[in-house]
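Novice: The opening residue of the sequence shown carries number 1 in full-length UniProt numbering; numbering runs sequentially from there.
For the record, the hints were derived by calculation from the structure and aren't laboratory data.
Beta carbons are placed, not taken as given, at the ideal position from N, Cα and C, and that holds for glycine.
Mixed in with the good hints, there may be bad ones.
Listed below are the simulated DSS-like cross-link pairs for lysine-lysine, each with C-alpha atoms no more than 30 Å apart in a straight line [as the list claims (entries may be wrong)]:
| no. | residue 1 | residue 2 |
| --- | --- | --- |
| 1 | K73 | K20 |
| 2 | K44 | K73 |
| 3 | K44 | K20 |
| 4 | K75 | K44 |
| 5 | K20 | K75 |
Using C-beta positions, here's what the derived DEER-type ranges look like [stated by the list, open to error]:
| no. | residue 1 | residue 2 | range |
| --- | --- | --- | --- |
| 6 | G5 | D57 | 14 to 22 Å |
| 7 | L78 | E34 | 27 to 35 Å |
| 8 | Q77 | G53 | 28 to 36 Å |
| 9 | E50 | H71 | 28 to 36 Å |
| 10 | D33 | Q77 | 15 to 23 Å |
| 11 | I58 | L78 | 25 to 33 Å |
| 12 | F16 | E72 | 14 to 22 Å |
| 13 | I58 | T7 | 16 to 24 Å |
| 14 | K44 | N11 | 25 to 33 Å |
| 15 | N11 | L78 | 30 to 38 Å |
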Amino acid sequence: MEQFGITVEDNGQGRFFNIKPLGNARYQIYIEDETIGTIQLDEKNHAHCESVGCELDIPLLNAIRDEIQLHEKWKSQL
1 MEQFGITVED
11 NGQGRFFNIK
21 PLGNARYQIY
31 IEDETIGTIQ
41 LDEKNHAHCE
51 SVGCELDIPL
61 LNAIRDEIQL
71 HEKWKSQL
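The whole structure should be built from the sequences, with the hints applied where relevant.
Specialist: Encoded structure:
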């Protein structure tokens, strides 16, 4: 499982995050080389996710979730 990058809007500015798939719909979130948390996507309810160790606000976490889902959808269409 290869790491990939996403950019999401945070207070009107783009922020770049590295994402490392861990399997079972779990992803580790990095800024540069520092882990800032893990997100678990709910494969049955795409509007739901859980985070572990994240100190991100809910809108930013939701934007990260949406970008991960978009990346996975794009990857599955290749």
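Novice: Each hint should be assessed against the structure and marked as holding or not.
Specialist: Status of the hints after comparison with the structure:
With a C-alpha separation of about 16 Å, the suggested pair K73 and K20 falls inside the 30 Å cut-off, and the hint holds. Taking the CA atoms of K44 and K73, the gap is near 14 Å; set against the 30 Å cutoff, the hint holds. For the hint linking K44 to K20, the alpha-carbon distance of about 21 Å falls within 30 Å, and the restraint holds. Between the alpha carbons of K75 and K44 the distance comes to roughly 19 Å, so the proposed pair stays at or under 30 Å and holds.
Proximity of K20 to K75 is assessed by CA-CA distance (about 14 Å); at most 30 Å being required, the pair is judged to hold. Between G5 and D57, the C-beta spacing of about 21 Å keeps the proposed range 14 to 22 Å intact. Hint check: L78 to E34, Cβ distance near 30 Å, so the stated range 27 to 35 Å holds. Here the CB-CB span from Q77 to G53 is close to 31 Å, well matched to the stated 28 to 36 Å.
Between E50 and H71 the beta carbons are some 19 Å apart, a value that contradicts the proposed interval 28 to 36 Å. In this structure the hint that D33 and Q77 lie 15 to 23 Å apart at CB is violated, the actual value being about 30 Å. Under the hint 25 to 33 Å, the C-beta atoms of I58 and L78, about 31 Å apart, fit the expected range. In this structure the supplied range 14 to 22 Å holds for F16 paired with E72, their Cβ-Cβ distance being about 18 Å.
Between I58 and T7 the beta carbon distance is about 19 Å. The supplied range of 16 to 24 Å therefore holds. Roughly 31 Å separates the CB atoms of K44 and N11, a value that falls within the hinted 25 to 33 Å. A hinted range of 30 to 38 Å for the beta carbons of N11 and L78 is consistent with their spacing of about 33 Å.
Hint compliance for this structure: hints 9 and 10 are not met, and every other hint is.
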